[in-house]
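These are the residues of each chain, in order.
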Amino acid sequence: MRVYASLIRLRAMLLLQYRAAAFAGMVTQFSFGIVRVMLFEGFYASSTAPQPMPFPYVVSYIWLCQALIGLLPWGGDGEIQELVLSGNVAYELCRPVSLFGLWYSRCIALRTVPTAMRAVPLITVAVWLLPPLYRLALPGSPAAALAFVVSIGGAVLLSAAISNLYNVFLMWTVSGEGLVRLLPPFVTLFSGALIPVSFFPDWLQPLLRFLPFSGVIDLPLRFYIGDLPAAAWLGHLAYQLAWVAVLVVTGRWLVSRGMRRIVVQGG
Amino acid sequence: MLGSLRLYGRYISLSMQAQMQYKASFIMFSLANLLNAFLEFLATAALFARFGTLRGWMLTEVALFYGLVNLSFAIAEAAGRGFDVFHRRVRTGTFDRLLLRPRSTVLQVLGGDFQLLRVGRFTQGLLVLLWGGVASGVSWTPASVLLAVWATAGAVLVFCGLFVLQAVMSFWTVEPAELANTLTYGGVEATQFPLSIYRRWLRDLFVYVVPLGCANYFPVLSILGRDVGLGYPPWLAWMTPWAGVLFFALSLRVWELGVRHYNSTGS
Amino acid sequence: MPQILVDGLTKTFRVARRRAGFAAALRGVVSREYTEHKALDGVCFTIEPGELVGYIGPNGAGKSTTIKILSGIMVPDGGQCVVMDRVPWRERLQHVARIGVVFGQRCQLMWDLPAADSFDLLRDIYRIPAGVYRRNLDELVDRLALAGLLEIPVRQLSLGQRMRCEIAASLLHAPPLLFLDEPTIGLDAVSKLAVRDFVRQIHREHGVTVILTTHDMDDIEALCQRVILIGRGRILVDGTLADLRRQVTLERRLIIEGLPAASVELDLLGARLAPDNGHRTCIYFDPAQIAPTDLLARITERYQIRDFWVEDQPIEETIARLYAQCGL
Chain A
0 MRVYASLIRL
10 RAMLLLQYRA
20 AAFAGMVTQF
30 SFGIVRVMLF
40 EGFYASSTAP
50 QPMPFPYVVS
60 YIWLCQALIG
70 LLPWGGDGEI
80 QELVLSGNVA
90 YELCRPVSLF
100 GLWYSRCIAL
110 RTVPTAMRAV
120 PLITVAVWLL
130 PPLYRLALPG
140 SPAAALAFVV
150 SIGGAVLLSA
160 AISNLYNVFL
170 MWTVSGEGLV
180 RLLPPFVTLF
190 SGALIPVSFF
200 PDWLQPLLRF
210 LPFSGVIDLP
220 LRFYIGDLPA
230 AAWLGHLAYQ
240 LAWVAVLVVT
250 GRWLVSRGMR
260 RIVVQGG
Chain B
0 MLGSLRLYGR
10 YISLSMQAQM
20 QYKASFIMFS
30 LANLLNAFLE
40 FLATAALFAR
50 FGTLRGWMLT
60 EVALFYGLVN
70 LSFAIAEAAG
80 RGFDVFHRRV
90 RTGTFDRLLL
100 RPRSTVLQVL
110 GGDFQLLRVG
120 RFTQGLLVLL
130 WGGVASGVSW
140 TPASVLLAVW
150 ATAGAVLVFC
160 GLFVLQAVMS
170 FWTVEPAELA
180 NTLTYGGVEA
190 TQFPLSIYRR
200 WLRDLFVYVV
210 PLGCANYFPV
220 LSILGRDVGL
230 GYPPWLAWMT
240 PWAGVLFFAL
250 SLRVWELGVR
260 HYNSTGS
Chain C
0 MPQILVDGLT
10 KTFRVARRRA
20 GFAAALRGVV
30 SREYTEHKAL
40 DGVCFTIEPG
50 ELVGYIGPNG
60 AGKSTTIKIL
70 SGIMVPDGGQ
80 CVVMDRVPWR
90 ERLQHVARIG
100 VVFGQRCQLM
110 WDLPAADSFD
120 LLRDIYRIPA
130 GVYRRNLDEL
140 VDRLALAGLL
150 EIPVRQLSLG
160 QRMRCEIAAS
170 LLHAPPLLFL
180 DEPTIGLDAV
190 SKLAVRDFVR
200 QIHREHGVTV
210 ILTTHDMDDI
220 EALCQRVILI
230 GRGRILVDGT
240 LADLRRQVTL
250 ERRLIIEGLP
260 AASVELDLLG
270 ARLAPDNGHR
280 TCIYFDPAQI
290 APTDLLARIT
300 ERYQIRDFWV
310 EDQPIEETIA
320 RLYAQCGL
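Residue numbers (numbering that gives the first Met the number 0), protein chains in the order written: chain A, 0 to 266; chain B, 0 to 266; chain C, 0 to 327.
Worth flagging that the hints you see were computed from the coordinates, not collected in a lab. Incorrect hints may have been included.
Stated by the list, open to error - Result set (DMTMM-like, lysine to aspartate or glutamate): computed pairs, CA atoms no more than 20 Å apart in a straight line: (1) B/LYS22 / C/ASP111; (2) C/LYS37 / C/ASP76; (3) B/LYS22 / A/GLU176; (4) C/LYS37 / C/ASP6; (5) B/LYS22 / B/ASP112; (6) C/LYS191 / C/ASP111.
As the list claims (entries may be wrong) - Beyond 10 Å from chain C on every Cβ pair, some chain B residues (computed): (7) LEU6; (8) GLY92; (9) TRP149; (10) ARG252; (11) LEU256.
No residue lacks a Cβ here, since even glycine has one placed at the ideal position from N, Cα and C.
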């Protein structure tokens with residue numbers, strides 16, 4: 000365990016250096032937020048039918064979503080892909096750490112550091128520098144804030160597990176690359192990054208609640224805005240961690256098969 | 000002029016040849032592109048299912064705005080990629096090579112990086128546009144088809160103008176300009192929907208400063224047979240894509256200034 | 000009528016000073032400090048049509064700045080520059096149509112496609128008439144041994160093959176003036192010789208003016224009648240290679256094989272013995288003081304030798320000492 004912790008810390012320190020890259024993109028996220036908030040404002044003005052969430056909740060959701068967009072498991076790690084493509088990944092077997100664990104630690108760092116660097120300034124602006132109607136509200140209660148934080152923790156592990164699976168898929172070159180390209184759009188959609196998951200049609204809800212993706216963005220955000228009672232934190236954390244376990248087990252199994260394949264083929 | 004067009008044509012055919020060398024990758028990429036754009040539209044459709052209308056606009060009508068601007072952006076991304084990635088040329092010093100050839104730098108930059116795989120978003124835009132065109136009950140006349148094409152051209156020119164401005168920034172700074180990204184991607188986000196749903200300041204931004212709304216909103220209004228309203232005169236629909244032409248011409252002027260600066264400081 | 004006339008060229012760069020640390024970076028956003036770097040400080044030379052000139056100098060001396068100005072992609076701060084009756088940066092399009100430039104470290108050919116496609120593109124870019132293009136291309140393919148290479152994607156070619164294609168690409172439009180920047184860098188011996196032979200050929204047969212910028216002194220020695228040395232923005236030496244040598248030292252060396260240096264006990268009349276090198280004896284002498292034949296006679300009178308030859312100071316050493324002499 001300690002090995003993984005220091006691996007994560009090392010990677011995090013490296014990522015912290017990319018300050019410029021973190022700040023870049025913030026302005027774009029902010030503009031996306033403004034447009035989406037106004038879009039929803041337009042929608043809410045057009046209908047009196049009851050909606051899954053009141054408008055102020057949606058506003059906060061949108062801002063948090065933009066701030067925490069770094070949590071989304073976008074794709075495989077470029078460096079790892081290089082290793083796999085060149086066949087040098089075989090050297091990784093010499094390390095005293097499991098390959099899967101090594102990659103997983105990297106993913107965790109990759110999900111947290113850039114996100115944090117970008118989220119803090121964006122949230123600051125959204126909370127204090129916007130007119131009341133468009134503002135990001137603070138959490139309803141300390142309990143909600145705590146539930147949010149715990150849920151974010153689960154989300155990080157979950158997101159890292161998903162992106163780590165992409166890394167593993169890359170061991171199967173052509174078909175793996177295909178999966179790594181074609182899955183992210185679905186993951187993004189079902190995670191609630193475009194619209195809150197509860198806005199999808201009712202008949203889709205059971206499926207979306209079952210799949211792990213909503214645990215990455217939608218779940219923590221709902222704790223923050225109060226759409227989910229803070230007391231429900233444990234049950235939902237269990238759901239996130241259950242999926243993490245499934246993905247990790249699958250990932251490890253795939254890695255051992257993938258390594259066998261690469262060692263035989265020579266990369 | 001004709002010679003330049005022919006040269007551009009040769010550039011495009013060479014780009015396609017070069018990219019077709021990686022056929023599998025190309026297909027996957029385009030497919031992912033298409034999927035991404037399509038799923039975004041699905042999210043919008045889900046919202047319409049919940050709210051019914053967007054300030055009086057039906058999904059089928061919104062589809063016209065949506066499809067047209069995505070179509071235009073795809074074309075601009077394909078044709079104008081040279082300027083989009085221009086900062087790389089400056090960094091590696093390959094811009095010098097372009098200056099050493101007896102041709103316009105603009106032509107060479109545009110031609111050198113034509114990117115076919117934008118066909119994914121292009122297809123999505125086209126499909127959405129066609130669906131909206133049929134489902135919204137618009138009676139298409141040769142004039143309205145021509146207007147749609149003209150509007151697309153205008154929007155393409157605005158996007159390309161933004162790419163050019165972004166490229167010019169790289170003569171002065173090392174990092175690619177964030178603002179241009181905000182205006183292109185943010186611009187697509189915003190003008191996908193009829194400008195009337197937004198607050199005045201956002202509308203004015205996309206009509207007077209970055210005339211994307213100009214090239215998209217007013218022509219589509221006219222095609223839908225809607226009254227222009229909002230305090231804008233009626234003949235605007237046919238004139239507005241000219242704003243795109245003007246914007247692009249201005250951006251080229253700024254480009255000349257940038258090149259002159261490069262010539263005197265050597266980057 | 001000189002083809003290139005350069006008089007009093009000056010160029011100063013303002014370089015922003017960067018300092019490490021977050022606080023300094025923040026401060027840097029508000030106020031920038033600049034240091035001035037004088038790249039060119041009154042450069043003057045003329046080059047007649049058909050010359051083969053080497054342009055050398057240590058790094059940062061102003062070589063690439065000069066070349067950039069001559070090729071029209073940089074504007075000087077002051078001074079005069081006329082190339083083929085034009086001011087390069089003022090009439091860029093017409094000027095670059097008549098020059099060829101080869102960068103040894105950068106490839107202008109398209110990476111994923113065969114060189115033939117890049118050549119066709121250049122034909123269109125330079126608006127070369129079809130007949131002229133065919134003729135030029137055939138000659139270049141013949142002279143640079145490119146047959147069979149043109150249909151292979153450039154990324155699959157070896158460095159030597161790529162360089163030859165690169166050189167061909169720069170000559171498709173038959174420019175009367177050619178700039179070569181490190182053309183043999185990284186090449187193996189065979190390719191280097193091929194490139195040198197080719198440059199000599201086009202220079203001799205087509206009267207192409209060649210300006211060669213390189214750190215490889217063997218290239219200079221093999222090709223250049225005239226050498227211009229630039230240091231710290233100024234022209235320090237402008238003459239033949241022999242002139243350059245003479246400025247550093249007149250010393251030549253007599254190498255004798257089969258005679259250990261330790262066993263030579265002879266009055267060498269001012270010549271000096273180099274430190275022992277096993278079976279080889281090296282004697283440095285001044286030809287003005289003693290003729291090589293006399294020196295040789297003295298030695299063979301006394302000793303048996305197996306072989307001998309006379310050589311100049313290695314050109315690299317000469318150049319290094321020249322730099323030192325000029326305070327570079």
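The hints, checked one at a time:
1. Between B/LYS22 and C/ASP111 the CA atoms are separated by roughly 13 Å; this keeps the pair inside 20 Å, and the hint holds.
2. For the hint linking C/LYS37 to C/ASP76, the alpha-carbon distance of about 11 Å falls within 20 Å, and the restraint holds.
3. The hinted pair formed by B/LYS22 and A/GLU176 meets the criterion: a straight-line CA distance of about 13 Å does not exceed 20 Å.
4. Pair hint C/LYS37 plus C/ASP6 holds up; C-alpha atoms about 16 Å apart against a cutoff of 20 Å.
5. Distance restraint check for B/LYS22 and B/ASP112: the Cα-Cα separation of roughly 17 Å lies within the 20 Å cut-off, and the hinted pair is therefore satisfied.
6. Taken as a hint, the C/LYS191 and C/ASP111 pair is broken in the structure, with Cα atoms around 25 Å apart against an allowance of 20 Å.
7. Not every Cβ of chain C is farther than 10 Å from the Cβ of B/LEU6; the closest lies at roughly 5 Å, contradicting the non-interface assignment.
8. Distance check for B/GLY92 against chain C: the nearest CB is about 7 Å away, which does not clear 10 Å, and the non-interface claim fails.
9. Every CB of chain C is more than 10 Å from the CB of B/TRP149 (nearest about 30 Å), matching its label as outside the interface.
10. Separation of B/ARG252 from chain C is adequate, the least Cβ-Cβ distance of about 18 Å exceeding the 10 Å criterion.
11. For B/LEU256, the condition that its CB be more than 10 Å from all CB atoms of chain C holds, with the nearest at approximately 14 Å.
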